[in-house]
Each structure stands twice: as structure tokens, then as C-alpha cells.
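From first to last, the protein sequence lines stand for chains C and W. Numbering-wise, this note's numbering puts 307 at position 307 of the first sequence, and it's gapless, one number per residue. Numbering-wise, this note's numbering puts 48 at position 48 of the second sequence, and it's gapless, one number per residue.
It is worth saying that the hints were derived from the structure and are not from the lab. Misleading hints may appear alongside valid ones.
[Claimed, not checked] Which chain W residues face chain C? A few, computed with CB under 10 Å, are given here:
#, residue
1, Glu68
2, Glu143
3, Val174
4, Ser180
These numbers were taken from a predicted model, which means no experiment stands behind them. All residues carry an ideal CB built from backbone N, CA and C; glycine is no exception.
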Amino acid sequence: MHIAYFSERPYHPLDEDLTIAEGIWGISNRHFDPVVGARLYNEYLDQAVRAEEAGYDGIVLNEHHGLVTCMGAVANIEAAILARITKRCKIIMLGNLPTTVGNPLRLAEELAEIDLISGGRLVSGFVRGGGTEQLSNGSNPAFNRELFLEAHDFIIKAWTTPGPFRHEGRHLHYRFVNPWALPLQKPHPPIWVPGLVSPETVRFCAERRYPYIALSTYLEPTVDLWDLYCETAAQAGYQAGPENFGYLQKVIVGETEDEARELAMLELQGGRAAAFGAIKPEFMFPSGYNSKGASSRMARQFKNPKGGPELFVPRGKFDVAEAKKTINSPEQLKILEDSYRIIVGTPAGVISKIKKILDVLRPGVFIIRHSDGWLDNKSRMKTIDLIGRELIPGLKEIGDRMGLVSPFERIPGSRPLNSPESWERVAQVGALENI
Amino acid sequence: MTVAVTQEQVLIDDVPCSFLAAGSGEPLLILHDELGDIEWRPWHAELAKRRRVLIPASPGFGVSAPVEWISSVRDLACFHARFLRELKIDRVDVIGLSFGGWIAAEMAANCASQFARMVLVAPFGIKPRIGDIRDIFLMSTPEYLQASLNHSENFDRHWSPQLSASREEARAEVARLGWSPYMHNPSLPHLLKCAGTGPALVIWGERDSIIPVSTAAQYCEILSNAKIGTLANCGHHPEIEADVEFSRLVRSFLVE
Numbered sequence: 001m002h003i004a005y006f007s008e009r010p011y012h013p014l015d016e017d018l019t020i021a022e023g024i025w026g027i028s029n030r031h032f033d034p035v036v037g038a039r040l041y042n043e044y045l046d047q048a049v050r051a052e053e054a055g056y057d058g059i060v061l062n063e064h065h066g067l068v069t070c071m072g073a074v075a076n077i078e079a080a081i082l083a084r085i086t087k088r089c090k091i092i093m094l095g096n097l098p099t100t101v102g103n104p105l106r107l108a109e110e111l112a113e114i115d116l117i118s119g120g121r122l123v124s125g126f127v128r129g130g131g132t133e134q135l136s137n138g139s140n141p142a143f144n145r146e147l148f149l150e151a152h153d154f155i156i157k158a159w160t161t162p163g164p165f166r167h168e169g170r171h172l173h174y175r176f177v178n179p180w181a182l183p184l185q186k187p188h189p190p191i192w193v194p195g196l197v198s199p200e201t202v203r204f205c206a207e208r209r210y211p212y213i214a215l216s217t218y219l220e221p222t223v224d225l226w227d228l229y230c231e232t233a234a235q236a237g238y239q240a241g242p243e244n245f246g247y248l249q250k251v252i253v254g255e256t257e258d259e260a261r262e263l264a265m266l267e268l269q270g271g272r273a274a275a276f277g278a279i280k281p282e283f284m285f286p287s288g289y290n291s292k293g294a295s296s297r298m299a300r301q302f303k304n305p306k307g308g309p310e311l312f313v314p315r316g317k318f319d320v321a322e323a324k325k326t327i328n329s330p331e332q333l334k335i336l337e338d339s340y341r342i343i344v345g346t347p348a349g350v351i352s353k354i355k356k357i358l359d360v361l362r363p364g365v366f367i368i369r370h371s372d373g374w375l376d377n378k379s380r381m382k383t384i385d386l387i388g389r390e391l392i393p394g395l396k397e398i399g400d401r402m403g404l405v406s407p408f409e410r411i412p413g414s415r416p417l418n419s420p421e422s423w424e425r426v427a428q429v430g431a432l433e434n435i
Numbered sequence: 001m002t003v004a005v006t007q008e009q010v011l012i013d014d015v016p017c018s019f020l021a022a023g024s025g026e027p028l029l030i031l032h033d034e035l036g037d038i039e040w041r042p043w044h045a046e047l048a049k050r051r052r053v054l055i056p057a058s059p060g061f062g063v064s065a066p067v068e069w070i071s072s073v074r075d076l077a078c079f080h081a082r083f084l085r086e087l088k089i090d091r092v093d094v095i096g097l098s099f100g101g102w103i104a105a106e107m108a109a110n111c112a113s114q115f116a117r118m119v120l121v122a123p124f125g126i127k128p129r130i131g132d133i134r135d136i137f138l139m140s141t142p143e144y145l146q147a148s149l150n151h152s153e154n155f156d157r158h159w160s161p162q163l164s165a166s167r168e169e170a171r172a173e174v175a176r177l178g179w180s181p182y183m184h185n186p187s188l189p190h191l192l193k194c195a196g197t198g199p200a201l202v203i204w205g206e207r208d209s210i211i212p213v214s215t216a217a218q219y220c221e222i223l224s225n226a227k228i229g230t231l232a233n234c235g236h237h238p239e240i241e242a243d244v245e246f247s248r249l250v251r252s253f254l255v256e
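One chain only, chain C, in its complex shape (with noise of 0.2 Å):
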């Protein structure tokens, strides 16, 4: 099992009432102080060098836009950082965004860089984005999906194709195609894919044998879309297995119970631990983002089934005062460690709660997110080293026990299939009971 180091960088301190009355998005960057941007680009990026040395094997970066939570609006650029500092790690970017960026060749040149410099070591993930970063870059949601499939075609061509040679498609038009600097791992750099629940991305993932990594989705609507990407894998013509498959889970551990629940509660603040839920629905989903289908699936798959609030609920106008006492409340860490949302303990605690959704699940990659909350620096060097020292070693233990291969110890779509018409679950729905 490959595990990797995820941190979505937020920016803190900032007023909590304020994104608990705006959102996540959209608050004016009148509050943001270089100063502290300066100190904490830095120390983020120190952060991930320690998480190498700390034993995990790869640093996931992401990338959102005029997000408060996220400081990676131009991954690119600490992937690039991080393939010079770091020596072993893969560099996983889960994931650009091909759709905003404006350039798709100019995107394929960057990660054709990252990856020369790295020694190979990129993963590339491409991602349609969400609303906002639709908002934020001026790209029309209406053209999202179909702009998001033709530029990971011209990438991929770009990455492959010997130039120069010409693309003139519905969105995207360049006469002379021929970028000098090429990735060192051939055919291109392993892709993966993040998602939310849409099945259109997991069908696209199991079409081109790309792992799906599923970004704390709950568990049950999880194992049906484990289960769509087996069954489109043995209409393409492979079984799928644990490589092909990758899930990301908060988790904040402390020496003690209590230290932890202590980091845990920081979690909250600002509404932060509800993350996509403090965006208000019509910045999320701007006209023309997704079809009517796609609206209705995404709207139930983040009704939390164990009885928390929903998540994409009209805003309106509320008392924030009331909403803040509900939001950093030890109730609310309930409800999110009740569903799963986000594991809280000593190492020896929350591997037993971790085996569970691995023993549902089965992911050849299980990606640990650290804490969005406002820890400083020493806390979270703290935080990466105990996991380095008392959890990671486990989580192999198990991985190698429960035969969860990773993508790099088994190419994905390479598994034979008995019959085009039996296919084995990779999830496994009964190990729900245990939840």
C-alpha cells in the first residue's frame, strides 16, 4: 500500500466569523497578509520535505482558487520546488486543472518539467474542478466537461505524439505542437484521478485504467462507485484491483487521547470541517456546471446517511454567533468522527477505525490528510513525525497482510480477467457492518 502526506496549506489566522458568514470562497483578499502567506508557503513546503523523511511515500498537493482553506492556487509551483528538495517521494497532484488553466500546453510542458527534475517521481491527476474555480478563473462552467476531456487528450498527445503536429479541436486550436522538454517516465507520467462521486469520472478513470482516488467520500455510495469502476474495467477488458483505487482520510493524532481531541477541535473552527459546505451552492455549482443528473447524485451523495446535517444547503441569511457555538461544538466533532468525515486518537487508536475503511474499501493508496485547522508549525512537525513513527509502520503491516497492492507495485488494468462477464468486487459491502 502506497501512503502518502496530504496538507490542503490552509491560511490562518483569519477572522472566524468571517468565514463562517461568507464561505470559504469569495472572502475578500483584503484579509490576506503576505507577510503571513510568506512564512507559510515555507513552512508548508518544510512540512513536506519532513513527511519524506518521516517514511511516507508520496506528497499529495492540490490546487483551488481564492479558497481561504488552500493556499495552492499554483501547485505547479511547489510540485517544482518539491522536485528539487525532496529525494524519494513521489510528487502526486491530485490534481490540476486542466479547464482553468487556460493553456493546456503550457500546463504539459510545467508537469513535463516537474517530472525531469524530479528524477520521474510525478504523478499527474487531472480534476474538472469545482465551481469556484470556474468563478475564479473566468472559465465557462457550461464547457467544463467537455474542455476538461479534450485537454487531457491534447496533454497526453503533447506528452507523446512527436512533433510538431497540429490540434485544432472544438476548444482548443494550436497550429505547431512540439514542446521541447519531454517527461522522463515513458509512455508519460502515471495519472490518477480524484472524485467526489460523479460516475461519469469513474468511468472515465476505469476506461483508461487510471486509479480513482475518492476524496473522503462516505463509505456506502463509495462501494458502488468501487464497484461501477470493476464493471466498466471488464467491459474494458481487465480486473480491477486494489491499484487501482485510492482513498483520502483526515486524520489527526495526538500522544494522548486528549491531545488529540485538543488538535481535533481546531479543526472546526470557521466552519472549516464541513470545507466544501462552507461554499455557498451557487458558487459550488454555477449554471451550466454539471447536468440535472449529476446535480441530483451530488446533493445525495453529501447527505451524511448517519443523520448529520447536509452539507449543500441554501445559506441565507443566520445568526453567526448561533452557528459558531453549533459549528465548534464537541457535538459537531461527533457527528464528523461518527461518520467517518475525520479520525481522531493515538496512533494505536485510530489504526483500528483506519482498518475498518480498508477493510471496506481496499485501496492500493490510502492518502492521510493532516489537519485544516490553525496548528502551527512545530505541531504539525509533531503530528507528521508521530505518524511517521507509530502509524505508518502499522498501516503497512496491514496493507501487505490484506494484499492491497499499490499502483507502482502492480500496473493498474494489468490484471487479467477470468471472464468478460464475472468480475470481482474490490469493496468489500459486508465489512460495512463494522462501520
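Put chain W on the given structure of chain C with help from the hints.
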């Protein structure tokens, strides 16, 4: 006497285009707004007493399926010109509501002679000299309807859960066509100015919070023979908020 309203269909380049038709007499084309409500309203009935009223559902709105090759409002305008040709209508009066007003203006810029008289109701399409067109995509659909009306009580009368799905789809199509440049076409004023358009009435709600009211004067500068009709206490949709006065103003202009 009530006028029978029929739902009809015409094929345009193998694409079925649905339209409501009612009344008899000289044809009158009504181009719907960005909410895509293709429903029969009392002011339509008033007009249908003397005219054959035609209300096409643009592709991607209402019951008309989206058409991929339509990628701009000008394309959509050409589609509607084709709609008139298919119905063998050479010359027609037109009422364009908001987004539909933009379509009508594009049609006139392409071929002014197809319209005898034009009524443009708070049309998008040109960039205001003063102020901006409000970003309607930073709002949910209910928020947009609320913002486009001057009186909040009108919201309750016009917010319909039954229409919410079709309004979402309509806004998605408007986003597809009008996202960038945002809800205007830089070439439109230049082409419209020399198009030789006939008499035009530009109606604006004096409390429009979506498009600055001063844009009415810009349209009148561009159109060769236009006048402004301002309706008091109305927002962006005077045909909703002051339908009786609106209807009177339009009928009086059309028989001038």
C-alpha cells in the same frame, strides 16, 4: 373571448424547434428571456386578439433540445432568422425580453429588414457605458429572480417550484452562450448602428438592478429610429411587474 394557444414545431436543419402560437393577423415574434419561461401570459393574450403571436423556445430552453453548433448569441439569432424563413415570414414585428432582446438586436444587426417594428425590453447585448451588467451567475436562480424584481412580493407570485428545473437549464444555456464576453457582444453596437433598423421601442424598468437603466439611451443612440419607454417602480422584468402598463405601451407602439 379566449384565444386558442397551440404548441407547434418546425424543423430547422433537422432540429425540432417548438413554439407557442395563437391568434390571427400579422405575425408577432416574442423572444423569451434568460429564465426561459415559455408560458402563456395575459399580456400575450391581449396581443393575440389582433396578431398571430409566435413564441419559439430557443434551443436549450424549455422543450427545445440544445444544439451544439450554436455557440454564440449571434448563432442563436441566425437560428431564429431561419425559424422565420421556415414559417415563410419575411417581415415581422418582434418583442425581445432581456436575453431575447439581445437575440432580436443581433437579428436586426444581421438583417434589419426582417423586422418592421422592434420592442426591446431591458436587453442584454451591449456593454453599459456607465456601470456593469450585474453578474447573474454569482447568484442562485431564486436570488436572481429576486434581484431582477423591484418588489419582493412579486417574487412569491413568480417563483414556481415547477419551473425551477427548466429555469436552471435555461440559465445553463445562457451561461454557455453569454459567459464571455459577459452578456454582451462587442461588435453588436457597430453592426447595429449601420443596419438601418425600423422604428424601435426600448422599454426599461426604472429600478432595474441587473442592467444599468442608462443602457437604454445607448441602445437608442445606436438604433436609427428608437424611443425609450420607462416604466416606474419596475425592475429588470417590467412585463412581470407592470404587465398591464407594459402591454398598453407595447400595443400602442405596434399600432402607431
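Taking the hints in turn, this is what the structure says about them:
The closest approach between the C-beta of W:Glu68 and any C-beta of chain C is roughly 9 Å, which is under the 10 Å cut-off, so the hint is satisfied. A cut of 10 Å between beta carbons decides the hint on W:Glu143: the least distance to chain C is about 7 Å, and the hint holds. The closest approach between the C-beta of W:Val174 and any C-beta of chain C is roughly 7 Å, which is under the 10 Å cut-off, so the hint is satisfied. Using the Cβ-Cβ criterion of 10 Å, the hint placing W:Ser180 at the interface with chain C is satisfied: the shortest such distance is roughly 6 Å.
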